[in-house]
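Student: Those sequence lines, one after another, are chains A and B. Heads up: the first sequence is residues 1 to 318, going by this note's numbering. Heads up: the second sequence is residues 319 to 819, going by this note's numbering.
Since the hints were derived computationally from the structure, they do not count as laboratory data. Be aware that a few hints might be false.
[What the hints assert, rightly or not] Cut-off 27 angstroms, straight-line C-alpha distance, at most; resulting in silico cross-link-like pairs (BS3-like, lysine-lysine):
{"#": "1", "chain 1": "B", "residue 1": "K325", "chain 2": "B", "residue 2": "K372"}
{"#": "2", "chain 1": "B", "residue 1": "K537", "chain 2": "B", "residue 2": "K813"}
{"#": "3", "chain 1": "A", "residue 1": "K30", "chain 2": "A", "residue 2": "K186"}
{"#": "4", "chain 1": "A", "residue 1": "K226", "chain 2": "A", "residue 2": "K152"}
{"#": "5", "chain 1": "A", "residue 1": "K214", "chain 2": "A", "residue 2": "K186"}
{"#": "6", "chain 1": "A", "residue 1": "K18", "chain 2": "A", "residue 2": "K226"}
{"#": "7", "chain 1": "B", "residue 1": "K667", "chain 2": "B", "residue 2": "K537"}
{"#": "8", "chain 1": "A", "residue 1": "K152", "chain 2": "A", "residue 2": "K186"}
{"#": "9", "chain 1": "A", "residue 1": "K302", "chain 2": "A", "residue 2": "K257"}
{"#": "10", "chain 1": "A", "residue 1": "K26", "chain 2": "B", "residue 2": "K813"}
{"#": "11", "chain 1": "B", "residue 1": "K573", "chain 2": "A", "residue 2": "K30"}
{"#": "12", "chain 1": "A", "residue 1": "K186", "chain 2": "A", "residue 2": "K302"}
{"#": "13", "chain 1": "A", "residue 1": "K18", "chain 2": "A", "residue 2": "K30"}
{"#": "14", "chain 1": "B", "residue 1": "K432", "chain 2": "B", "residue 2": "K325"}
{"#": "15", "chain 1": "B", "residue 1": "K813", "chain 2": "A", "residue 2": "K30"}
{"#": "16", "chain 1": "B", "residue 1": "K432", "chain 2": "A", "residue 2": "K226"}
{"#": "17", "chain 1": "A", "residue 1": "K152", "chain 2": "A", "residue 2": "K141"}
{"#": "18", "chain 1": "A", "residue 1": "K141", "chain 2": "A", "residue 2": "K186"}
{"#": "19", "chain 1": "B", "residue 1": "K432", "chain 2": "A", "residue 2": "K26"}
{"#": "20", "chain 1": "A", "residue 1": "K26", "chain 2": "A", "residue 2": "K226"}
{"#": "21", "chain 1": "A", "residue 1": "K152", "chain 2": "B", "residue 2": "K667"}
{"#": "22", "chain 1": "A", "residue 1": "K146", "chain 2": "B", "residue 2": "K325"}
{"#": "23", "chain 1": "B", "residue 1": "K573", "chain 2": "B", "residue 2": "K667"}
{"#": "24", "chain 1": "B", "residue 1": "K432", "chain 2": "A", "residue 2": "K146"}
[Claimed, not checked] Derived contacts from chain B toward chain A, CB cut-off under 8 angstroms, selection only:
{"#": "25", "residue": "A331"}
{"#": "26", "residue": "Y333"}
{"#": "27", "residue": "A434"}
{"#": "28", "residue": "L443"}
{"#": "29", "residue": "L446"}
{"#": "30", "residue": "S478"}
{"#": "31", "residue": "K813"}
Glycine included, each C-beta is placed from N, C-alpha and C at the ideal position.
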Amino acid sequence: MPAPTSGAPHGDALISVKNLEKTYGKSRFKRGFRALNGVTLEVGRGSVFGLLGPNGAGKTTLIKILMGLVPRFEGEALVFGQPAGTARPRTRVGYLPEAHRLPNYLTGRQALVLLGMYSGRSRAWLQQRIPGWIERVGMEKSVDRKLREYSKGMMQRIGLVQALVHEPELVFLDEPTDGVDPVGRKVVREIISELRGTGVTVFINSHLLMEVEKMCDRVVIMSAGKMIREGTIEELTPRTGRVRFEVEPTSDDLGAKLGGIGANFERTRSGFELELSRDEQDAVVDRLRAAGISIRVIEPGKLTLEQSFIDLIEGKRA
Amino acid sequence: MNIQALKALLQDAVYQILDNWVFRILTILGGMLVLATFLVGFREDDIVLVFGLKSWSYASVFAAFGTNAATLPDPQGVLINTVLDLLFNTLAGSVGLIFCIAATAFFVPQMIEKGAADVLFHKPLSRLTFYLARYFTGLLFVAALSTLMAGGVYLGLLVSSGYHDPGVLLAAPVLTYLFGLIFALSMWIGVVTRSTVASILLTALFFSFNGCVHYVWEKTQEGQLRRLDGLTDADVAETSEKKRPTDGPLLTLLKNTNAALHYALPKTGDADVLASKLRRAVNRPYFVEDGTLVALFRLPDDLERVDAAPTTETSADPAVLALLGDVRLALRTRDAGASYTLFRRPSSKESATRAGKALRDALLEDTAIEDVDRDLASFGLPLNGQSVSASVLRWERVDGGRVLPRMAVLFRGAEAKALYTLWIEDDVGVASSELARARLDELLARVENRMGLDPSGTSYERHFTLTAPWRFNILFSVGSSLAFVAVMLLLGWWKLARIEF
Chain A
1 MPAPTSGAPH GDALISVKNL EKTYGKSRFK RGFRALNGVT LEVGRGSVFG LLGPNGAGKT
61 TLIKILMGLV PRFEGEALVF GQPAGTARPR TRVGYLPEAH RLPNYLTGRQ ALVLLGMYSG
121 RSRAWLQQRI PGWIERVGME KSVDRKLREY SKGMMQRIGL VQALVHEPEL VFLDEPTDGV
181 DPVGRKVVRE IISELRGTGV TVFINSHLLM EVEKMCDRVV IMSAGKMIRE GTIEELTPRT
241 GRVRFEVEPT SDDLGAKLGG IGANFERTRS GFELELSRDE QDAVVDRLRA AGISIRVIEP
301 GKLTLEQSFI DLIEGKRA
Chain B
319 MNIQALKALL QDAVYQILDN WVFRILTILG GMLVLATFLV GFREDDIVLV FGLKSWSYAS
379 VFAAFGTNAA TLPDPQGVLI NTVLDLLFNT LAGSVGLIFC IAATAFFVPQ MIEKGAADVL
439 FHKPLSRLTF YLARYFTGLL FVAALSTLMA GGVYLGLLVS SGYHDPGVLL AAPVLTYLFG
499 LIFALSMWIG VVTRSTVASI LLTALFFSFN GCVHYVWEKT QEGQLRRLDG LTDADVAETS
559 EKKRPTDGPL LTLLKNTNAA LHYALPKTGD ADVLASKLRR AVNRPYFVED GTLVALFRLP
619 DDLERVDAAP TTETSADPAV LALLGDVRLA LRTRDAGASY TLFRRPSSKE SATRAGKALR
679 DALLEDTAIE DVDRDLASFG LPLNGQSVSA SVLRWERVDG GRVLPRMAVL FRGAEAKALY
739 TLWIEDDVGV ASSELARARL DELLARVENR MGLDPSGTSY ERHFTLTAPW RFNILFSVGS
799 SLAFVAVMLL LGWWKLARIE F
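Given these sequences and hints, build the entire structure.
Tutor: This is how it looks when you write it as structure tokens:
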């Protein structure tokens, strides 16, 4: 199977992973746990990737190998063309780990300055940009408090800024909206959308598939240490062939009024659903209008990412 | 590593220290001790509270501890040294050090907690850099505290006591060095166990064990040290064999194990010795004999040092000179009325009393000397509490109607096999023999309370020098201790580099 390539010509990949294998706890006497089992992937510039998979699929291990946090593995892992774990490419990378812990003896602002400086930015450069970021994530009132006084959501917002403040070209966000309120989630989505616009490649690892569906262009699905599917959101959420109609008024004889067009008719609270071809759809509209029924909504049915994901994991779809 | 990252690491260290509550408590405690040195002044003659609000004479203070202050060569120095020893060796060097270990032991376990490690170690800096940064943060922690204390105490003593001893400032680097030896191990334990509590407990345990290892080793080196003191192998063998039988195989094994541990482990006990050596190097007595510790702590104002040491009797009689030995120090009163000469000759067993008797017999050979009085006296008092027994000879030389008083004070140096004679001649003279004794007492008083044995502690401490054989050598002690630190840091880094977060 050729390596799934996303967004960039071969050789210009931000991330290049070939036959990546990782087994934890392996010793002479123990077989250990195989977290990655021959993952191959190439990622180009300027997309937002969703990295999906059930618990233990190997998503975090893959990210940690790329970040140099898991030093021993088999296969090849390159970031910006250099071996994962080497320092130089990591100046161009931002990372928000899951359940991260920032040094609690620092204030939010101090943490942002120091972590940005570790990534090679000067204090003056950071001090110019940090106020904008702080305003963006709504942390103006708390940024000069010690991190140990932060709530989970506040910590997550500051964590997101620390991953982005040095303006990386490649960003890994592990559960970025974990613990964040709905308003905060909207801000996170907006930030990610802006990153996409500036050509930054973003990797999102999340169990909130609705969030992933809203934020990502492409999705990689992993299971049992393997990549089982990679594609755009459109490709992973195909149409079901069913069409949902919301009509007014609704009556019990709606099915009879359609005169047997389509298949698998099903009543809903505000209308009905049924399987239709494109030609049949026009015919249904004509019949409803002729019966004096007002059509409020016509929506073609699509598989949700969640359903698609579950189907894939449970082996229902190839 | 770029300069920004370096600046960030330094800034991080400062934030981490300033946020540490133990650091704040120790700073307050240190500040209180410093304040005490401002409020209590140890003056030349008395101890004063709050710049003279209340005062106590040394005589009354020492009497409370059963010591006669008049016998001390330098009561102010004795008391200040005691206070400094209490502050820097007992409080800061032992209790304070354990507190500092407790306050810094969490540095590494906290850094490698899941979540925290992810944030730090994905940055473009190596794990070794972060590890070393934590080590230097610990050193900065102790350096800041000890500099505050040493600098404050130095200023306090200067302002309140008029005691200028820049050697006090050396306590700061020595305490930092001592902490650095232990902290490297604490960090390694922190990496291996990932537990702050384990790191504190095991480090404290090691600190105690390490102290025992070196104490036992020091005791096993007595024979070697006595050879360095000038005893022959035969002398050593004679005294040693009498004390104990030949070692059995088990004892030999234990001794060898102890020696191996001593050489491999950091010599934490040597830090105190090093501190006192450095202080001594900065603030040496006016004159000190390294081998025997005989010292003139301060030169009396009305005396000056001279090159030659002509004495009437010794010039005239080579037999007397032979009993005195070489000139080590020659002083003369500024009006050139009297001279003081310190002689030294090797002597392994002869007591001061016997030597005094021999000198008296030789002097009596001179027809110009009619009689020689011989007394026993306690000459000076060393700061380690052992008095020096002296044999004092007094006689007169009559010259044209003037009586010229003469005196010889014979005493032994500490441990090293040498006999000293302090020879005093008055060339102005007095009108009668009745006045001669008073004149001699007056001349002796000028130096008696300024001489004594320099407090250099144990035999091992005295032989711990830059030129000593390797096992007692400062460079070996420091070098092997730093090697231990390097090994601990390398092991810690090796372990850290293999952790999969």
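Student: Now look at each hint and say whether the structure bears it out.
Tutor: Structure-based check of each hint:
1. B:K325 / B:K372: Roughly 50 angstroms between the alpha carbons, so the hint for B:K325 and B:K372 is violated.
2. B:K537 / B:K813: Measuring from Cα to Cα gives roughly 37 angstroms; hence the hint is violated.
3. A:K30 / A:K186: Status violated; Cα separation ~46 angstroms.
4. A:K226 / A:K152: 32 angstroms, violated
5. A:K214 / A:K186: Given pair A:K214, A:K186 holds - Cα atoms ~10 angstroms apart, limit 27 angstroms.
6. A:K18 / A:K226: Given that 27 angstroms is the threshold and the Cα spacing comes to 12 angstroms, the pair holds.
7. B:K667 / B:K537: Answer holds: B:K667 to B:K537 is near 23 angstroms, not above 27 angstroms.
8. A:K152 / A:K186: 17 angstroms, holds
9. A:K302 / A:K257: 26 angstroms, holds
10. A:K26 / B:K813: 17 angstroms, holds
11. B:K573 / A:K30: 43 angstroms, violated
12. A:K186 / A:K302: OK: A:K186 and A:K302 at ~24 angstroms, within 27 angstroms.
13. A:K18 / A:K30: With Cα atoms ~26 angstroms apart, A:K18 and A:K30 stay inside 27 angstroms; holds.
14. B:K432 / B:K325: It holds: about 25 angstroms lies between the C-alpha atoms, which stays within 27 angstroms.
15. B:K813 / A:K30: 21 angstroms, holds
16. B:K432 / A:K226: The given pair, whose Cα atoms are some 25 angstroms apart, holds under the 27 angstroms limit.
17. A:K152 / A:K141: 16 angstroms, holds
18. A:K141 / A:K186: Holds, because 20 angstroms separates the two Cα atoms, which is no more than 27 angstroms.
19. B:K432 / A:K26: 21 angstroms, holds
20. A:K26 / A:K226: 19 angstroms, holds
21. A:K152 / B:K667: Measuring from Cα to Cα gives roughly 80 angstroms; hence the hint is violated.
22. A:K146 / B:K325: Holds, because 21 angstroms separates the two Cα atoms, which is no more than 27 angstroms.
23. B:K573 / B:K667: 31 angstroms, violated
24. B:K432 / A:K146: Given pair B:K432, A:K146 holds - Cα atoms ~20 angstroms apart, limit 27 angstroms.
25. A331: 11 angstroms, violated
26. Y333: 6 angstroms, holds
27. A434: Holds, because the Cβ-Cβ distance from B:A434 to chain A comes to roughly 4 angstroms (cut-off 8 angstroms).
28. L443: B:L443 check passes; min Cβ-Cβ to chain A is 6 angstroms, inside 8 angstroms.
29. L446: 11 angstroms, violated
30. S478: 37 angstroms, violated
31. K813: 12 angstroms, violated
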